[in-house]
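Enquirer: Protein chains in written order, with the numbering used here: chain A, 17 to 129; chain B, 11 to 126.
Hints listed in this document are in silico derivations from the structure and should not be mistaken for laboratory results.
No false leads were slipped in.
Calculated lysine-lysine pairs in the DSS-like style (CA-CA distance at most 27 Å, straight line):
hint : chain 1 : residue 1 : chain 2 : residue 2
1    : A       : K116      : A       : K74
2    : A       : K65       : A       : K116
3    : A       : K116      : A       : K85
4    : B       : K88       : A       : K116
5    : A       : K116      : B       : K78
6    : A       : K87       : A       : K77
7    : B       : K88       : B       : K78
8    : A       : K116      : B       : K34
9    : A       : K77       : A       : K65
10   : A       : K87       : A       : K116
11   : A       : K65       : B       : K34
12   : A       : K85       : A       : K74
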Amino acid sequence: AQSVSQHNHHVILSEAASLELGCNYSYGGTVNLFWYVQYPGQHLQLLLKYFSGDPLVKGIKGFEAEFIKSKFSFNLRKPSVQWSDTAEYFCAVNAGNTDKLIFGTGTRLQVFP
Amino acid sequence: DAGVIQSPRHEVTEMGQEVTLRCKPISGHNSLFWYRQTMMRGLELLIYFNNNVPIDDSGMPEDRFSAKMPNASFSTLKIQPSEPRDSAVYFCASSFRGGQNTGELFFGEGSRLTVL
Numbered sequence: 017a018q019s020v021s022q023h024n025h026h027v028i029l030s031e032a033a034s035l036e037l038g039c040n041y042s043y044g045g046t047v048n049l050f051w052y053v054q055y056p057g058q059h060l061q062l063l064l065k066y067f068s069g070d071p072l073v074k075g076i077k078g079f080e081a082e083f084i085k086s087k088f089s090f091n092l093r094k095p096s097v098q099w100s101d102t103a104e105y106f107c108a109v110n111a112g113n114t115d116k117l118i119f120g121t122g123t124r125l126q127v128f129p
Numbered sequence: 011d012a013g014v015i016q017s018p019r020h021e022v023t024e025m026g027q028e029v030t031l032r033c034k035p036i037s038g039h040n041s042l043f044w045y046r047q048t049m050m051r052g053l054e055l056l057i058y059f060n061n062n063v064p065i066d067d068s069g070m071p072e073d074r075f076s077a078k079m080p081n082a083s084f085s086t087l088k089i090q091p092s093e094p095r096d097s098a099v100y101f102c103a104s105s106f107r108g109g110q111n112t113g114e115l116f117f118g119e120g121s122r123l124t125v126l
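The shape of chain A in the complex, shown without the other chains:
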């Protein structure tokens, strides 16, 4: 069965610090990978996605993620965070031939001015 692990449960940063959130998945076949963001009190929104091609994916608001197949990882990065990035971040994966999207447990990011 597919699963997604997010090892950082809670990250606290100051503005302008760099961010990297870890995501590992378990599935041996072709996968589609996603990062979603949930701002306080809101629904989930897509940050970025990887289906195929360039393993370095750029998303909205300056976020990017790198798919490393050999490590089964899809870590999220941002070189300089802002207070407005305070939110919960979810990594998700589905096998290429299904609709079922499995989410990690999420990482809560707090950015202080």
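The hints should help you fit chain B onto chain A, whose structure is shown.
Expert: Frame of chain A, contents of chain B only:
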């Protein structure tokens, strides 16, 4: 474009009562998902439909939970009878599966359920 529409946004009910949550997916989308979000378990997939047919309901916790999708523009998630441990935010999401465009979910605002 209207997004995924869920109702009610908030529901407070007493243990034993029936709860019905509603979802209208984005027009043209052919897959619909129900997720439950709690602090303890995060986001859990309860059930999903493709072309109005339930494909995987392995996440439905118990027989008290049921979901229907009578047509492409409407789905319900019902809990009968409700229990305090059902308190959570229930999200509906939809997507279009076809060709290379697959997997991206669009979420509704969620229905926050509190069972007393």
